[in-house]
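**Q** Let's have the full structure, built from the sequences with the hints guiding it.
The listed protein sequences derive, respectively, from chains A and B.
Everything in the first sequence is counted per the UniProt record's numbering, starting at 1 for the first residue and increasing by one.
Everything in the second sequence is counted per the UniProt record's numbering, starting at 1 for the first residue and increasing by one.
Incorrect hints may appear among the rest.
For chains that are exact copies, the list does not tell them apart, and a pair is met inside one copy or across any two.
With a straight-line Cα cutoff of 27 Å, these simulated DSSO-like cross-link-like pairs (lysine-lysine) come out [stated by the list, open to error]:
hint	residue 1	residue 2
1	436	147
2	131	114
3	167	131
4	462	147
5	178	229
6	229	243
7	222	167
Note that these hints are calculated values from the structure, not bench results.
There are 2 protein chains.
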Amino acid sequence: MEVTRTNYAELSSEIEEAIKSCSFIAVDGEFTGLNNGPSNLSPFDSPAEYYAKMLSGSMDFLFVQFGLSVFRHLSDFKYENKTYVFYLFPDTSNRQAPDVRFLCQASSISFLAKHGFDFNKLFRDGIPYLKPSDESALRESMEARRKLWEQTLSSPQPHIDVPAAQKPQVDEVMTQIKELLNPDCDKPEVRVEKCSAFVRKLVYQTVREEMSGSGISVKTEKGVLVARKGVEKEQLEVEKQKKAEEEELEIKNAVGFVSIVQTILNSNKLMVGHNFLLDLCHIVERFVDHLPQDYKEFKEMVNSLFPKIIDTKFLCSEGPLRDLFPSTVLPAVKETVSKPPFQLPEITSPEGRGVQLESENYHDSGYDAYVTGICFLSALRYLESNGEKVHSVNSPLLNKTLNRLHLMRIPDSCINLGGKDPEPSRAHVFHVTFPKTWTSEHLNQFFSPFGMIHISWINDTKAWVSLNDRSQADRATKILGKKSSKLAEVTVVAHAQFQASFVSPTTSLGSRAHVSSSLAATKRKLLHSNGQGQEDGGLRNKKQRLSSTNHSGTVSEKNAKVSEVSQLEAASAKPSNDNFPVDDNWG
Amino acid sequence: MEVTRTNYAELSSEIEEAIKSCSFIAVDGEFTGLNNGPSNLSPFDSPAEYYAKMLSGSMDFLFVQFGLSVFRHLSDFKYENKTYVFYLFPDTSNRQAPDVRFLCQASSISFLAKHGFDFNKLFRDGIPYLKPSDESALRESMEARRKLWEQTLSSPQPHIDVPAAQKPQVDEVMTQIKELLNPDCDKPEVRVEKCSAFVRKLVYQTVREEMSGSGISVKTEKGVLVARKGVEKEQLEVEKQKKAEEEELEIKNAVGFVSIVQTILNSNKLMVGHNFLLDLCHIVERFVDHLPQDYKEFKEMVNSLFPKIIDTKFLCSEGPLRDLFPSTVLPAVKETVSKPPFQLPEITSPEGRGVQLESENYHDSGYDAYVTGICFLSALRYLESNGEKVHSVNSPLLNKTLNRLHLMRIPDSCINLGGKDPEPSRAHVFHVTFPKTWTSEHLNQFFSPFGMIHISWINDTKAWVSLNDRSQADRATKILGKKSSKLAEVTVVAHAQFQASFVSPTTSLGSRAHVSSSLAATKRKLLHSNGQGQEDGGLRNKKQRLSSTNHSGTVSEKNAKVSEVSQLEAASAKPSNDNFPVDDNWG
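**A** Written out as structure tokens, the structure reads:
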């Protein structure tokens, strides 16, 4: 069910009821950029470094579509589902709400447009939202405005001498107004159409000073000055009250979608998402509060807001499920759970609230949220199939997955919101500096005594290199120190030693300001991007999407498509002993 | 005529021909933000300050629609017109071109969407563009990539020992390939499907080392390893040539709309725009080259790119036309020139290339460009009506208008691209500091001995105040110095003295990074925004749009709509002796 500004008010209580009565909630978001998370990740980033990069690079993009899929357990493996797709766009009708500026990434926008995302609907009918801090600021500013009025009312007004240019008009209007006091006058009001704000101001002043207690009041209605007799004090109160109610409605409309998020937060229901970290960050940043700079604070904040979280990407990559999922991108996960040993749940939906699983409508946040929920249920059933079949979303079998968030391109770590993050060994990882002319060939040769390696480029002359065979770590550390000392311009530093040597630059927020990507960066990367799937830095989502995700090697589509004869191919194909599969846009 | 990616190639030579053969070109642009120019203008900014603010605040928005309306003189007051509306969006299919990030302003996006702008068409079918510097970078990166290949071809390859894990597969593939050399073999090729990039690399190496001169070549086609016998050197050259041609086509497609801009530049035709500065800046920045920081360089650059420019907004605000145009926003200009003493030209257009003047399709860049051209012709005819009726776009009557650009909200200055800018006196302008509790009432009273004033707020405690009666300047300078010294917290400094006292902060480019507008700023402004049309800083386009544009005073729509009884109104209405009409989004 699509939810826009036009049907939001009508549907909101239904949706809130659905949230309160469900067993769990699956969600998904679409953004105007970096749907895939930050582009400058290294597979050896700590969770804190990962978070800092996400914060500095991804949060200025807009949250444009929120998929909410609520599942209510009926019996056995039967669930009722209701799925809602919210189009979200900041309010621009309320002049006192912020006029949001946001960043877009051309590739993400094109990608969404090609997948049928309706931007016209978004921009015309998107539901507004205002997070609590902005709501408070709006209330404060309205309050301040009201107070200023009242203060001005009760304090003596500075008198302005009527300038000569305005005097004839002010006198003319005053004559008309005074006529209202004539007992023979049967007009209830005087209306003056062509009257500037300044003249009206002067008329108000004159009425206040010369006609106090006369029962004459002056106001402006759609630019027309209107003077009436016999306006009672009670009426003034009624109008004030009416105005206050109007303002309250205006605020409620501006808060918009945030009230749905509040209902979700208050429900304390289990939240399920696929590759959930980015969505969670955007949900908090746009609808709850600014994300803290401090990683520990971030964990505490999200954990207290969402005490029960399952990231299905983490669920499928770890523990007993790991070997059953050849790929953990969402369409592949759906494929896997659609066949034995998995089984899909039986789903019913009220008219217009359901999703057709067969539609393959990926990248619609409602479809993705629904598929995520289905995958979660299938995986849970499999986990329980050897024990008691309770199909409970509170199953203790989920304990090792609960509140763990998958980190893109960092397969051996995660964010554990409820406790300590894993601290995988980096003894097999080296920071290598080398001459500009080096390609991955040279690195492979340099490290050949220790078997296959994975290269994560930093720039033309620097890379992280990790040994596939971790048992070689000690030997490599000893030998490479010597070896590099013989080669000019080559240095090899162990990961821990390198990290200790300086404060990580990744926590700098400077890149938040970065607007247009530099072709120079792309150019630099190009020299190393043939057939080497795992690159960091300026690579694009798309490029990453096009890379295959198996462990045996990645080939860019470019190489795969363009026919080249043997020697060109031989030159461009590089050994791709990539342990870090590159995920695509689906997460 | 709408021009998108789908019909651009087909139409481009027609359009280029139309540009070359026309009498003049009218253009208009639509952007993703600040269609109205920078929001932090002061009416006392110098042209250089104005330019610096535009550069720092407006250039990260995207140029999304370019209206091109070319007029060719037929006879007397008859013209042929062809109008094209280009939807423009950066290329995201070419992985080596930059993945542009751009800024959007929610109010501008909403505004365009409400006026029927088709964002889906934009994002799906927008024509790409790549300015010359980006094109060069793209060529360089492609060249670098090619060189790397060739270099690798001609230099000895580092040998990689075949690892034990890959050896069986490599051996198996090599056996198959060697079979091709068997005279009895009638297969022309061997295809190996399941083969990682690394294994392919090892196979290439083995073929190179063991089968040199055998006539066997190996390449990859869509991920499949293909070995063939008898591939000639000529074929290799043909394939290289084909690849080079494909790359050239790829570059041509990426350059896209920039070739139209090049044709315009080369034509040296008279360029006409309405409120032209912002459009010109965006045209240069997106399609020509980065705008220089230095104002003088900017003038020289634009003047050399576009040697003949008419800004119809400047044309209608100055000289003999000034008193004939009650407003210079585009729809008002069109209204004025549609009635005597003006006369509309007679226009013919080829099928599908014309514009219906009656459609009132404002904010479509094609319509706006066309109306601009029509207004220019009508104004020119009026100017010539007392002299020789040559209707020439080279009329010397335009000399005082040529290459002058209107500055929004700065009615007494302009940018003169071809010479010295005006230097209007600022002797009647004062920089005033005052207590936080002050409103415009207090300022009006403070300055009352010198007549009406205009207030341009800087913040809660600072404003620029100008005297409407410039002859009061000297007297005010003498008296106010004394007056302020008696009041604590009030200081009055003459404009020239204030400017001299510090380097203008407006040249800082820090705000380029500013992404989300702060509600606090809006809040602050609120305290002073009642009925006072001319504010600077955080005010929104919309707010400005809603303000009336006459000289007698401006009233915000809010005040005009909400019924308030006399005293509330009296408190909120402020004297609005605004000499600086606030223009709307039409320019």
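**Q** Going through the earlier hints one by one, which of them does the structure break, listed in rising order?
**A** 3
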